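Engineer: Residue numbers for the sequence shown follow my numbering, so the first one is 1 and each next one is one higher.
It is worth saying that the hints were derived from the structure and are not from the lab. None of the values given here were measured: they were computed from a predicted structure. Fair warning: there could be bad hints in the mix.
What the hints assert, rightly or not - BS3-like cross-link-like pairs, simulated, lysine-lysine; straight-line CA separation at most 27 Å:
#1 Lys86 - Lys103
#2 Lys26 - Lys101
#3 Lys72 - Lys21
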Amino acid sequence: MKRVSVYVDGFNLYYAIRELKKNHLKWVDIWALSETLVRADESVSVVKYFSAYAKWNDPSYRRHQRYVDALKSKGVQFIEGNFKKKTCKCRICKHTYQTHKEKETDVNIGAHLLADACLDRFDRALVISADSDLNQAVNLAKNETTNKQIDIISRPGG
């Protein structure tokens, strides 16, 4: 059997599901989803979920923790990123306000993908993300290894 590693951009997936307006899908079993994406001669060997907790928003933070715990119980590895505070200014009223920007997720996905490819941990990788920031890591992993197939999976129009 060929080994398949799956790399999931958590927020990218979350916002794609939110766009569908089907809230029940926000609790998708990513391991089970991954198994539907492999071919008959392949087996999922690892699923890595990359995301960050919104620690300033307690209800959201707690829900996300419960989801990550559910994923871990299915064998999914959680790789945590961070949020960085960002000060923004309204173009119209000039009021400044604080917001948060997710950081490290793309770098974490790229680093894990490249390391796993170079260490021969997979035959095929599935990257579930529509983020073009990952293109360089995908290209490096393909160019620096032999016989590695890497497929990007994203929503239509993503």
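Engineer: Evaluate each hint against the coordinates.
Structural biologist: Quick rundown of the hints versus the structure:
1. Using a Cα cut-off of 27 Å, the hinted pair Lys86 and Lys103 holds, with the two alpha carbons roughly 11 Å apart.
2. Our distance criterion of 27 Å between C-alpha atoms is met by Lys26 and Lys101, whose separation comes to about 20 Å.
3. Distance hint between Lys72 and Lys21 is fulfilled; the C-alpha atoms sit about 25 Å from each other, no more than 27 Å.
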